[in-house]
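Engineer: As a plain string of letters, each chain reads:
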Amino acid sequence: MRHVFHVRIGPVGFRIGSDWRGPVAELERLYAGYPQPADGIPDFTVRLFAARPWRRWLRPAVTLGGDFVLPDAAPLPLAQGLLAAEMAMNLQMALGQRRYLLLHASAVERDGRAVLMTGLSGAGKSTLAALLAARGWRLMGDEFALIDPATGLVHAFPRLVSLKNAAIGAVGAALPRARFGPLLAGTPKGDIRHLVPDAEAVARMDRPAAPALILFPRFGFDAAERGLGPSEVFVRLTQASTNYVALGERGFAAMTRLVGKVPARAIDYPDAESGIAQVETLWNAL
Amino acid sequence: MLLVCALRDPASVASLDARGWTALLAIARAEQLIGTLAHRLDGVMMPAAAARILADARASAVEQRRAALWEAEAARRALADVNAPIVLLKGAAFVAAELTAGKGRSIGDLDILVPRAAIEAVEHALLAAGWEWVKPDPYDDAYYRRWMHELPPLIHRERDRMIDVHHTILPLTARITPDAGAMIADSVALGNGLRVLSPEDMICHAAAHLFADGDLAGGLRNLWDIHCLIEEFGTASLATRAHHHGLWPAVSHAARQAHALYRTPIPESWRTQEGLDWLFRRRLLARDGWGRPTRALTRFGFYARSHWLRMPPAMLVRHLWTKWSKGYRPV
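Protein chains in written order, with this note's numbering: chain A, 1 to 286; chain B, 1001 to 1331.
Isolated chain B, as found in the complex (with noise of 0.2 Å):
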C-alpha cells in the first residue's frame, strides 16, 4: 500500500522516516515502478539519499526509453518490406506515442501485433534481420504456434534484446476471442511507419492482459498504465469497445481496482464493489518492505487460475502433466 499511496498521492512521503523510504523504495523495484515513482515524486521534499536514488531510476528510464524506440525502429526496418501493419503495444507504444503511462516505465521486451495472415512473413524477416530462437525446447516451440496469441520470443543475437510478435491479445485457448481485426484497422499511425493502438483498445489490451490472462505478477504496474491511460483518454467509448471484444469484465473490473487503489477518475456507476475483488487486491498488495513477494498461497491460487483461464480442463491436465514430467515446477 506504500507504494500505491506514493502513486497516488505523492505528497504523502513527507511522512516517511528512513525505515518508510526504504521500504518504498524495495517495493517500487521489486514491482518495476522505480521509474515511475521518481517521476511521479520529481521536485517533492525528501532526503538527499531518496532524491538521489529517484534521480538515477529517472535518468535510467530515460535510457529506457531510447532503447526501446531504437529497438522499436529495427523492428520498422527488418519488417519495412512486409506489407503489412506494425502495430506497438505496451511499453514501446507508450512511450513511442509520448503518453503519460510511459513516463519513467521500465520497459524490457519490444510487443508488436501483426495480422495473423502475415505472422509467416514478419518470422522470417525478422530471422533474417538477426533475430533467433530463445525456447530450444520443441514441445515450448509447437505450443506457441498452435495456441498461444504470439509467436515464441525472439532475441536479436547483436543487441540481446527480445522481441514478441502477437497476432491477437489472448492466447487462442482463452474463452474470450477479442477481435485483433479491429484492433488493427483502428489502430493510430504514428508518422513514422510504425502504428500505436487507439487509446480503447490500449485500455482493453492492458486490461486483458491483467486479468484475462496471467497470474497478476506485475500487476501494480499495468494496473498504473492503466491508471494514465483512463486518466488522459477517459471512458467516453470505452464501455461500447471492451463489450465488442468480449472485455468488458476485464475492463470494468482493471477500472474498479485502479480507482479502488489510484483514484482513477471512472463514471459513478462502475464504482461498484464485485465479491471478489478484495482478492484481487490482496493479490496485487502482496509484497513486504523488503521487496519479497508475500501471502504464498493467494499467489498460487492467482496461478493456477491464469492456467484455468489459458485452457480448457483437458488440454491443462496434459499440458501440466508434460510439463512435469519435463522437471519444471512452478514455485
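For reference, chain A alone in the conformation it holds in the complex (with noise of 0.2 Å):
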C-alpha cells in the first residue's frame, strides 16, 4: 500500500497500510517511541483503503481492512483517519487473537502486580487507568489486558488512551505536560482524544504482572463497593473476553485460574477523585 507503518505494542507488531498519508503521519507521531514488531514480522496487517478510487479525494472515507474485518463496519471521514486505525487494530485483536485470553479492560501495574478494571463503555476503564498513571501506576493497557494461559500472568497492551467527551477535559487537567492527539470531535461514539502512555509504560511494557485485583467500576452512582462470587466474575469476564470461545479449553484453564485466585470488587463512584481513591484503598487492604 502506498502509505506504511510498523509498530509493536506490547506482545503484538502490527502493519498499517493506507491509501493516504493523514492517517499513517498520526500514528508516526504519537507512538513515535514504541518499538517496531519482533523480528521484523507483525501478527496482524490493517489496511485503511478507499472502497471506490473516488473516495480516495472525493469526500474521502477510511474503510478498515485487515487479516481481520466485520462485514458491516461502516468507513469513517478521513478526518478521523486515527480513529479508523485504532479501531481496524483493535479488531484485529478481538477477532484473532489466539495467543492469550483477551479481557476488555484496562490495566495498571505496581510491584509486579496488577489491577484489572473492566467494565461497560463509560464504566471509565481508560479515566481511571490513565489518572492512577498520573499518580505513579504503570499504565499496562485502557484496552485489552493480556492473559498469557501458560503463566495466568498478565500481559501489557499499551497503546494510545482512547478518551471519550468529558474524560478528555478531566485527564488534560490531571495530566498537564501528557501529550495527546488530535481532538476527534462528532465520532460515532462522541468526542475522542487520545492521550500517548507515559514513557515508563512503553519502557517496560515487555514484563508481564501477576493478576492482584479485580474491579468492575461504574461510574456516575453513589460510592459503593460489593464484592462478587466468583460465578458472577467468572460470568462476567466471560462477556468481557472476545476470544473465550475460540481459545477452548485453554480459555477456561486460563479464566477459572484467574477466578480462582484473584479478588473481585464492584465499585460504584460519583466522580474520578473518588474512584481513585476507592481503588487506592482496595488496593492497599489486599
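The following residues of chain A were derived to be distant from chain B, with all beta-carbon distances above 12 Å:
| hint | residue |
| --- | --- |
| 1 | Pro75 |
| 2 | Ala174 |
| 3 | Ala185 |
| 4 | Asp198 |
| 5 | Ala199 |
| 6 | Ala212 |
| 7 | Val262 |
| 8 | Ala285 |
With a straight-line Cα cutoff of 25 Å, these simulated SDA-like cross-link-like pairs (lysine to any residue) come out:
| hint | chain 1 | residue 1 | chain 2 | residue 2 |
| --- | --- | --- | --- | --- |
| 9 | A | Lys189 | A | Pro270 |
| 10 | A | Lys189 | A | Val69 |
| 11 | B | Lys1323 | A | Ala74 |
| 12 | B | Lys1323 | A | Ala73 |
If you want the ones that stay clear, here's a sample from chain A, every Cβ over 10 Å from chain B, calculated:
| hint | residue |
| --- | --- |
| 13 | Leu58 |
| 14 | Leu70 |
| 15 | Asn90 |
| 16 | Leu183 |
| 17 | Asp222 |
| 18 | Ala223 |
| 19 | Asp268 |
Hints in this document: simulated from the structure, not taken from any laboratory. Yeah, the Cβ is synthetic: ideal placement off N, Cα and C, and Gly gets one too.
Reassemble the complex: the two chains are provided individually, in unrelated frames, and hints are given to aid placement.
Structural biologist: Structure, rendered in C-alpha cells:
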C-alpha cells in the first residue's frame, strides 16, 4: 500500500497500510517511542483504504480492512483516520488474537502486581487507568488485558488511551504535560482524544505482571463497593472476553485460574477523584 | 504464488526475509489456509515471530476441529430419529475421517448430505432442536427451495453455528446433474452413526464445488483439499466415477491445476494443458502481499461465469433483475 507504518504494542506487532498519508503521519507522531514488530514480522495487518477509487479524494472515506474484518463496519471520514486505525487494530485483536486470553479491561501495575478494571463502555476504565498512571502506577493498557494461559500473568498492551467526551477534560487537567492526539469531534462514539502513554509504560511494556485485583467500576453512582462470588466474576469476565470461546479449553483453564486466585470487587463512584481513592483503598487492603 | 510454494515445498521458506514472511502470512490468512500452512511448516526453521504466529494458528485449528466434530455430533443427535443416512461433507468430513486434508484446515459451517426424500423430515428435526432460518427474505427462501441443492442455511440459536443441508452437490439449475443417490449409497460409515463420501466422491464433490459452481473464491484451499485427497487415495477409479457423475471435465481440470500448483501426483496422460487453464490460475493466485484481492476484471469474469454455470440465461436475467431491484450489488 502507498503509506505504511509498523509498530509493536506489548507483545503484538502491527503493520498498518493506508491509501492516505494522514493517518500514518498521526500514528508516526503518537507512537514515536514504540519499538518495531519482533523480527520485523507483524502479527496482524491493518488496511485503511478507499472502498471506491474516487473516495480517496472526493469526500474521502476510510474503510477498515485487514486480516480480520467485520462485514458491516461503516467507513469513517478521513479526518477521523487515526480513530479508524485504532479501531482496525483493536478489531484484529478482538477477532484474531489466539495467544492470550483477551479481556476488555484496562490494567495498571505496581510492584509487579496488576489491577484489572473491566466494565461496559462509559464505566471509566480508560479514565481510571490514565489517572492512576498520573499517580505513579504503570499503565499496562486501557482496552485489552492479555492473560497468558501458560503462566496466568497479564501482559501489557499500552496502545493510545482512548478518552471520550468529559474524560478528555478531566484527564487533560490531571496530566498537563502529557501528549495527546488531535481532538476528534463527532465520531460515532462522541468526541474522542487519544492520550499517549508515558515513557515508563512503553519502556516496561515487555514486563508482564501477576493479576492481583479485578475491579468492575461503574461511573456516575453514589460511592459503593461490594464483593462478587466467583460464578458472577466468571460470567462477567467471559462476557468481557472476545476470544474466550475461540480459545476452547485453554481459555477455560486461564479464566478459572484467574477467577479462582484473584479477588474481585464491584465499585460505584460518583467522580474520578472518589474512584481513584476507592481503588487505592482496596489496593492497600490486599 | 508465495503461499503455493510454501505449501508445496516447506523448505522454500528458508529464503524468505521479514517482508516475505509478512506477505506469506497475510495471504495465508486471506485464503483461510494459515492453519494448513502452520501444519505444513511444523518443524521447519523460521524466525521466532513467524513460529509464534503459526503456533497460534495450529492451536486455533485444533479448536476448530473440536468444534466441528461437536457440531457434527449435535446434528447426529438432532437427526437420530430421522430414518436416513447423514453424510458429512467438506471440512467436517475430513477431520471426522482423520484425513490429511483435515490437518490444520479452517472449518466454518457444517455441511451434510441427506437423501432428497428425507429433506423435509431433516428440516423439521433441526428446527425442533434449536436451529433457525438465517435468510429472512422470501425471494431468497423460495429460490433456495425451488432451485438450489440445499436448504436455506440454518443457524443454531445457542451455539451460533451454521448448518447447510444438501440433497445433492450442485444446484438443480446447473447443466450437470451428479448422481447424489449413488454418492449416498456408496458413502462410508464412520462408526459414530455418521457417514462420509467415498474417496472418489469426495474428490468429485470438491472438484464440482471448485470448477462447476461458484466464482473460485477460496479456490486455493479447495484445490489443496483435492491435492491431499488425491495424494492420500490415488486416482485408480477416479475417472470412471467422475464420468458417471458427469464431472470428468471438473475433476480432470482440478487434477491438472493441483498438479500445476501443488505438484500433485496424477497419471501422465492427465498432465495436459488446456486452453484456458492459465486464466483459472490467474484467478486462483489473485492476491497481493497485503492479503488484498487483485485482478478485478478476472475476478468479475469468474463471478459472471459462476452465475452462467448455475442457471439458464432467461432465468439468470430474471434472477439478476430481482436481486438488483432489491438493492443487491455484487462488488
